[in-house]
Each structure stands twice: as structure tokens, then as C-alpha cells.
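*Asks:* One letter stands for each residue in the lines below.
2 protein chains.
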Amino acid sequence: MNIGVLGTGTVGETIATALIENGHTVRMGSRTAGNDKAKAWVKKSKKNASEGSFNDAAVFGDLLFLCLNGAYALDAVKSVDPDNVRKKIVVDVTNPLDFTKGMPPRILEGLGNSNSLGEEIQKAWPNASVVKALNTLTAKLMVEPKLVNHGDHSLFICGNDADAKNKVKHFFVDSFGWKPENLIDLGGIECARGSEAYVPFWVSMMQALGTPMFNVKVVR
Amino acid sequence: MNIGVLGTGTVGETIATALIENGHTVRMGSRTAGNDKAKAWVKKSKKNASEGSFNDAAVFGDLLFLCLNGAYALDAVKSVDPDNVRKKIVVDVTNPLDFTKGMPPRILEGLGNSNSLGEEIQKAWPNASVVKALNTLTAKLMVEPKLVNHGDHSLFICGNDADAKNKVKHFFVDSFGWKPENLIDLGGIECARGSEAYVPFWVSMMQALGTPMFNVKVVR
Numbered sequence: 546m547n548i549g550v551l552g553t554g555t556v557g558e559t560i561a562t563a564l565i566e567n568g569h570t571v572r573m574g575s576r577t578a579g580n581d582k583a584k585a586w587v588k589k590s591k592k593n594a595s596e597g598s599f600n601d602a603a604v605f606g607d608l609l610f611l612c613l614n615g616a617y618a619l620d621a622v623k624s625v626d627p628d629n630v631r632k633k634i635v636v637d638v639t640n641p642l643d644f645t646k647g648m649p650p651r652i653l654e655g656l657g658n659s660n661s662l663g664e665e666i667q668k669a670w671p672n673a674s675v676v677k678a679l680n681t682l683t684a685k686l687m688v689e690p691k692l693v694n695h696g697d698h699s700l701f702i703c704g705n706d707a708d709a710k711n712k713v714k715h716f717f718v719d720s721f722g723w724k725p726e727n728l729i730d731l732g733g734i735e736c737a738r739g740s741e742a743y744v745p746f747w748v749s750m751m752q753a754l755g756t757p758m759f760n761v762k763v764v765r
Numbered sequence: 546m547n548i549g550v551l552g553t554g555t556v557g558e559t560i561a562t563a564l565i566e567n568g569h570t571v572r573m574g575s576r577t578a579g580n581d582k583a584k585a586w587v588k589k590s591k592k593n594a595s596e597g598s599f600n601d602a603a604v605f606g607d608l609l610f611l612c613l614n615g616a617y618a619l620d621a622v623k624s625v626d627p628d629n630v631r632k633k634i635v636v637d638v639t640n641p642l643d644f645t646k647g648m649p650p651r652i653l654e655g656l657g658n659s660n661s662l663g664e665e666i667q668k669a670w671p672n673a674s675v676v677k678a679l680n681t682l683t684a685k686l687m688v689e690p691k692l693v694n695h696g697d698h699s700l701f702i703c704g705n706d707a708d709a710k711n712k713v714k715h716f717f718v719d720s721f722g723w724k725p726e727n728l729i730d731l732g733g734i735e736c737a738r739g740s741e742a743y744v745p746f747w748v749s750m751m752q753a754l755g756t757p758m759f760n761v762k763v764v765r
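So the sequences go chain by chain: A and B.
Quick note on this note's numbering: the first sequence kicks off at 546 and runs consecutively.
Quick note on this note's numbering: the second sequence kicks off at 546 and runs consecutively.
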């Protein structure tokens, strides 16, 4: 599959690399084509990898992953013509975190409580199907859940398009090894408020545990 | 032990009843002594139970549980003379939730993101040791964790007084059957921001799962 990964940070690189290893063809997008980190990733990946602007990656992908810094995510999304993402599935991995005022991080002004980045991105791309997912754990575990507890832990998904959510679930199972019974569909994209607000709590847990290599498993 | 439980709702009644069953002597506090729900609870409990104002319960208890509606919790706390809680351990089970604007609930204005009810309560009672705990799961599970997954799931604790946190941990293990290895100390009382912000997410999970009888287990 042709996949666009928007973002060149740890999350973007980790997901893009895992996608290449799973046989997909990936274009990494950044603010301007020719970004140093994107070029280094293309070089390292050898085949099936290319890079370009956010818009280039969005045009290229049949499926998109948004792996953007929360503070700049909406600017990046708005730099893409919404017609270029029409009917595409967009996995939104962003978190609206503000680390500038110390730990634990806060949620960026205007993007918490009664709003979320997931909702804002869905509004900016009204004809795309935004699925919030993967934003609640460290990058390595997103694409290799088996690294803790034999892969037995929970992933939270939400979005307005049930068909898109199902496709994303299958993709996560097939490409990253998630167990279907651990994928929890919370509901519409407004549920991104919860999974994004959870992340400062996750940071506190990470500090308490001394490692980002953990997740939560919902038990009943 | 003499214990004060402030609050007459489901959480207060569940905790107060469990404490009586564990051999403690409990005074339930409400806005004014003679509250109907408090009187009914005293009658049902038969022995070791009494009721009074918030201040009466605070004076009575060597250990206090705050089981107040988040919207009125600070008013209740401020109705108690801080000298009456000097050097006492206060388990704060409150959540600053606003259900008036639909689901998922929001965090009450001014009590989220860079603040929390836990911190405000600690400020209002500076000579007490506030330990935020039990606020991340349904009342029944607080006092009977074995009801899901054989009691194997996580409880998050935070507060500024390490000795108070240790005493609370032992109390939870001895009185409610929590497993010591599942009690996660997040750090100072400012970590209440995270465990309180988690609760709207918990509500979304509850809606998705169709039951409040679940919790998360941290897996590594």
C-alpha cells in the first residue's frame, strides 16, 4: 500500500520504518521537501521510501499517519489541500502537549477538555476519515506491541467512520501484530478528548516506572 | 481506627460500609448533621457508625476519606477548620467532573490541566497529608478489587508526604485487599492532575465496555 507519514520525529520515523519493513511504500512528509531528517530516513530505508512536503505525502498515501508535534499539527494539516485527502483514512497519532511549563506536561490551550486535536483535524479535513489511535503509548510499542506483556495490552481507537475504524484495526493487527481483542473502540472522534488527556497521566506513570516501555491493559 | 468519611453519595457509602465491615468505627459527614442519607446509613450499619457535619467527621477521624461531589468538594473542605485536620492523613477520592454539558464529562473550570482538586484540597488543609487515591475506578472496586481479574489491576497514588502514602498503601492492602505490587506511587500531589484528567477517559471506556466493573493494569 502507498502510505503517507506526516512528521519526521521519533514517532514518524518509527512508524514509517515499520511500514517499510511490512512491505508498504512510504512517503515521509515535512514542512518543506528536502528536510534533513526525512532525507536521512529515505537513505537508510534503501527502497520503497521517499520524502516531500506534507502535501506531497498526503497526495501520495492511500492511508495517512499523522505523527506531528501537537503544537504544530494543525498548521501542518491546514497546509494540505483538503481535496487531496478526500475519502482517505487518516490515523491521527498526535497529542496536544505543552512541555514548556515543566512536568507533567499540560494540554495546549484550547485543545483540551471540551475539544481535542482529533476533532480539530477532522474539522480541517471534513472529507477524510480521521481515526485517533496509537497516541497513548511509546513509539516502539505502537508498531511492536509484543515488546511488553507478550503483546497483551490495550489500544484505544475512536473516530466517526465505523468502516474506517475497522480497516485501521485490521491494519494494526496485520502490520503491527496487535491482538484484535485488545483494540477498544471508544466511539466518535470526540472521544479523542479522553485519550489525549490521558497522555500527561501516561507521562507521570513513565516517570514513576522509570521507563516508557509499558502500557495499560483493560481488565474486566 | 476512628475514620471520618466526608460525603454521603455512592462512593462515601460504599467506602464507609466497607470500613465498618473491616472493624473500623466510622463517622459520615455531610453539609449539615442529620442528613437523611447519612441517618439511613447509620441505621443500616447498626454499630460503629455515626453521622454529623463535615467538621464533625473531620474531628472524629484519625484518617479521613473525601468522597465529595467535585463541584462542591472545596466548599466542603473549607467548611472544616484546618486545625481540626492537623497531621491527619486525608485520602482524597474526589474528581472535578462537570456532567452538565453532556458526555464525555469535562473537567471543572480552573481545576484541570495546570491544577487539580487534589492540589486545591492540600492547599486548603496545609497541615494535613492529602493522598490522592481510589478516584480512578468505580466505588465497588475501590473496596473490593478482587471483583475483577482476581484483584490484579492498578491503583494510582500520589501526595507530598511519603510516610502518609506508605500508611495509606498498607491500609488499602489490609482493609480492601489491594495487592501491594499494584499500588503505583506517581509522585507529589501535582500528579493528581493526571489521575483526575484520566476520569473522563475512564467514562468513555465505561460507555464502550458497557460496564463500570473494569480497571486498567499497568503491564511492562
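No lab work stands behind these hints: they were computed from the structure.
Note that the structure is a prediction, hence the values are computed from the model and not measured.
Glycine is no exception: its CB is placed at the ideal position from the N, C-alpha and C atoms.
Treat the hints with care, since some could be wrong.
Stated by the list, open to error - To be clear about the criterion: a stretch of chain B counts as covered by chain A if any three or more of its residues have a C-beta under 8 Å from a C-beta of chain A, and this derived list gives those stretches:
| id | stretch |
| --- | --- |
| 1 | 650–659 |
| 2 | 723–736 |
| 3 | 752–758 |
*Asks:* Are the hints correct? Go through all of them and say.
*Replies:* For each hint, the structure was consulted:
{"no.": "1", "hint": "650–659", "result": "holds (count 5)"}
{"no.": "2", "hint": "723–736", "result": "holds (count 6)"}
{"no.": "3", "hint": "752–758", "result": "holds (count 5)"}
Checked against the numbered hints given earlier, the structure satisfies every one of them.
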